[in-house]
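On the provided structure of chain D, position chain S as indicated by the hints.
Number of protein chains: 2
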Amino acid sequence: MFNPRSIAVIGASRDPRKAGYIVFRNLVENSKRLLGYKVYPINPYAKRILGVKAYPSITKIEEDVDLAVVVVPAERVPLVLEECGEKHVKVAIILSAGFSEVGNIELEEEVKHIGTKFGIRILGPNCLGVFDSYSGVDTIFLPYFKVLPDGRRLSSLPRPKRGSISLISQSGAVGVAVLDYMASEGIGISKFISYGNKVDIDETDILEYLLYDDSTRVIMMYIENIERGRRFIEVAREVSKRKPIVVLKAGRTPSGARAVLSHTAAVAGIDKIYEAAFKMCGILRVYTLEDLMDSSKALAYQPPAKGNNIAILTDGGGAGVMASDEAETLGLKLARLDEKTRQEFRKLKSSGAIVDFAITENPIDLTGSATTEMYEICLQLLLEDPNVDGVILIVLHHVPLIVDIENLVHRCSKLIKEYGKPTTVGTIGGSEMAILLRRMFNEKCIPAYTSPERACRALAQLVKYGLYLKRFS
Amino acid sequence: MFNPRSIAVIGASRDPRKAGYIVFRNLVENSKRLLGYKVYPINPYAKRILGVKAYPSITKIEEDVDLAVVVVPAERVPLVLEECGEKHVKVAIILSAGFSEVGNIELEEEVKHIGTKFGIRILGPNCLGVFDSYSGVDTIFLPYFKVLPDGRRLSSLPRPKRGSISLISQSGAVGVAVLDYMASEGIGISKFISYGNKVDIDETDILEYLLYDDSTRVIMMYIENIERGRRFIEVAREVSKRKPIVVLKAGRTPSGARAVLSHTAAVAGIDKIYEAAFKMCGILRVYTLEDLMDSSKALAYQPPAKGNNIAILTDGGGAGVMASDEAETLGLKLARLDEKTRQEFRKLKSSGAIVDFAITENPIDLTGSATTEMYEICLQLLLEDPNVDGVILIVLHHVPLIVDIENLVHRCSKLIKEYGKPTTVGTIGGSEMAILLRRMFNEKCIPAYTSPERACRALAQLVKYGLYLKRFS
Chain D
1 MFNPRSIAVI GASRDPRKAG YIVFRNLVEN SKRLLGYKVY PINPYAKRIL
51 GVKAYPSITK IEEDVDLAVV VVPAERVPLV LEECGEKHVK VAIILSAGFS
101 EVGNIELEEE VKHIGTKFGI RILGPNCLGV FDSYSGVDTI FLPYFKVLPD
151 GRRLSSLPRP KRGSISLISQ SGAVGVAVLD YMASEGIGIS KFISYGNKVD
201 IDETDILEYL LYDDSTRVIM MYIENIERGR RFIEVAREVS KRKPIVVLKA
251 GRTPSGARAV LSHTAAVAGI DKIYEAAFKM CGILRVYTLE DLMDSSKALA
301 YQPPAKGNNI AILTDGGGAG VMASDEAETL GLKLARLDEK TRQEFRKLKS
351 SGAIVDFAIT ENPIDLTGSA TTEMYEICLQ LLLEDPNVDG VILIVLHHVP
401 LIVDIENLVH RCSKLIKEYG KPTTVGTIGG SEMAILLRRM FNEKCIPAYT
451 SPERACRALA QLVKYGLYLK RFS
Chain S
1 MFNPRSIAVI GASRDPRKAG YIVFRNLVEN SKRLLGYKVY PINPYAKRIL
51 GVKAYPSITK IEEDVDLAVV VVPAERVPLV LEECGEKHVK VAIILSAGFS
101 EVGNIELEEE VKHIGTKFGI RILGPNCLGV FDSYSGVDTI FLPYFKVLPD
151 GRRLSSLPRP KRGSISLISQ SGAVGVAVLD YMASEGIGIS KFISYGNKVD
201 IDETDILEYL LYDDSTRVIM MYIENIERGR RFIEVAREVS KRKPIVVLKA
251 GRTPSGARAV LSHTAAVAGI DKIYEAAFKM CGILRVYTLE DLMDSSKALA
301 YQPPAKGNNI AILTDGGGAG VMASDEAETL GLKLARLDEK TRQEFRKLKS
351 SGAIVDFAIT ENPIDLTGSA TTEMYEICLQ LLLEDPNVDG VILIVLHHVP
401 LIVDIENLVH RCSKLIKEYG KPTTVGTIGG SEMAILLRRM FNEKCIPAYT
451 SPERACRALA QLVKYGLYLK RFS
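These protein sequences, in sequence, are chains D and S. Mapping the first sequence onto this note's numbering, position 209 (from 1) lands on 209, and the numbers just tick up by one. Mapping the second sequence onto this note's numbering, position 107 (from 1) lands on 107, and the numbers just tick up by one.
Chain D extracted, bound-state conformation (with noise of 0.2 angstroms):
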């Protein structure tokens, strides 16, 4: 599904709008520039597109086919499905629409049945398919950019870059939503999966498959239900052990549920016995959009924590405070620091390398008087301090002596490197330097965030990731 040698896009389209047009372009686009697999149009009415010899159907092409895309109207769906039996396809991606969704459930026991017949796999139907940034193979059938009335050619739906986090989505347009905010994040992407109706892979098997994907290092997830509920805790609690899952599960209030009953006509189910589920297999709940897309980041960024005591590093108290607040309700503590670094603290303060009001218990607070060196060296002391375990760096930029901000950000996350100890970076604003100084931070991998309780939501999961692997060392 990932790595086929050959693909046929079975619908393929001369249309610029359809669906069949932008799947089939995207695959030979991202086939040219990756030197990958080779694409196949499946189309009776066209002798070529896109420069590309056309077939009538999946049995006229001579080599084998390893992947089939599916982009025909539903009920013709069986009819090519059974073609790519003759095939010997191995996979079929379904992206048509019209099946148990919108109530055609006998189509898709027809489309389960052919597929169980002819020992394909299918993925979907009515998905947007998968996404793989390295092998280049892209069903996604939306387009990078849109046209307003007016001639602006806007970025709609940009791709994320290579990277390590893995996303599951039984909704497309969730999942789509989320690698438009990766792209303009810079977060990068390992595989997007939409599996849609899941006559046959589901969230498990793709699971499964994502514990031995070397590419994968975080597993995101967006989930209405589960089907096979046991198997799913029995891979996930493997998975866990080597990759954190960070689990969105929708539908879990009454009103939520009636909305996922709608939706993919799935059952929600009782949301605690999915909560007493996700936390026996350590899988990492979030309850919002936000909170999904912060996490990942910061586990793909960010080694675990070894305990849950913290320290707060900042210049502006307030900022302090709010982060100390939501650190405790999250169950984290705020490190009592070790003796050593209190003295340390006391000479910083008497040589004048920190001013003499700053305030070195922990929260610190540099003040507004705080400069690049201050920073470093009291980051230093608290990586350094064995009572801590994890730091939220806060910096608000608008202080006056804090101007050459890449210094800064150079300096503190090579320590953060070098301790290895996680941390996160809670700043505040939409100035010009407010996000070059987050996006400075994200290029070194220090996950960086608008405001300091979203930097401590984040600290949180790489605490509580921790100290699950914890239990089994």
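FYI, nobody ran anything at the bench for these hints, they're computed from the structure. Computed from a prediction, not measured in an experiment: that's the story for all the values here. Each statement offered as a hint is correct.
For identical chains, the list gives no copy identity; a pair is met inside one copy or between any two copies.
Once the Cα atoms are required to be at most 20 angstroms apart in a straight line, the calculated EDC-like pairs of lysine to aspartate or glutamate come out as:
id: 1; residue 1: K333; residue 2: D271
id: 2; residue 1: K417; residue 2: E443
id: 3; residue 1: K161; residue 2: E432
id: 4; residue 1: K444; residue 2: D404
id: 5; residue 1: K117; residue 2: D200
id: 6; residue 1: K272; residue 2: E328
id: 7; residue 1: K112; residue 2: D200
id: 8; residue 1: K18; residue 2: D404
id: 9; residue 1: K306; residue 2: D338
id: 10; residue 1: K161; residue 2: E443
id: 11; residue 1: K241; residue 2: D205
id: 12; residue 1: K279; residue 2: E208
id: 13; residue 1: K444; residue 2: E432
Just chain S, lined up with the frame of chain D:
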């Protein structure tokens, strides 16, 4: 304080790196631009500053001075304040730090005493003072721009445009960070007040002032403690009936309270008492910086709701589920649509105006086939429904037929204004389309957010405030 005819900047400086320069320059420039107040630089060593005649002491100015802005070192503050007293200055904003916040309690007492003796109202010390977007009074001594070592000139603390939100902040750093955010988001401000150590003017005085300030319609507060609790409640009660107050009370946990003690030497107090007091006087309490900003934007842009029955309109089922979950968690109800509305939806389906697989139970899901026309017609039905008190409008722009977003925003916001029912917008993503979509909605005063849950939380505040107001109607 906000509309002085004349201002003396005591400690005005010629050195561009100094607070005394930044404040003086901002005041002079704003005064020219707005044809406002007169500004006098006070500096015994300078003849002229920025071309304006300097005075060695405020007492040497012949004309009356309404407001003194004090930026001299802490130990010189008593002396210059005495001179302000002789000059019959009404208000002094003391920006200087180095008082009780660093243990210098005696000096602070002296300042307080001088103020009382001469009847000078004092804001501060250890504060950023005020910013008034209407009169142009701006004592924030932090620069608009910063210049990086490579020569790039980046916005660092842009001032927000004129608007209807006023911000009271016990923390200067948090205050300016919020200003940065507001400016970048295009959210307007009326007045910003940072009151620091509050030797005289405190949060209650400011709140009372804002009650009668016509340009303030929403009040946003960051506080760590309240001094005169009883009076605060009396005032807040009166204010809440006319303008919503959104409060982030930091130091709500033991860790946070300890941090408050270090930060402002204030006692954060028992949080349950604050919680009860806020509830009693209709204050909308928030727990994170993001909610503070999101709620204030919603309250500034949209009317309060008449009840807690909301409708959700989306083009992505998953986003609708997430919003439903969040709504129920916040105590909102998914409105049961009126029979007439249901009938209309059925008609829309049979006429083909909306696709027949659209979900017309609340949350309404137009699916990936959504068009601007479908959004318009369905939004109108929901706004018209007597069972619906407010709407969460979720627009995921990635779907194929949502292209002309300007038209979409225009049509939807026209309807929302026409019906006067509070509506918030949820989007996802950071692509150019996503950013433009949010900006256009925000410009039409339809508050737009980066996730379904944030849009939901914002609407919940409009509901909460609306229900509070109902008590008095």
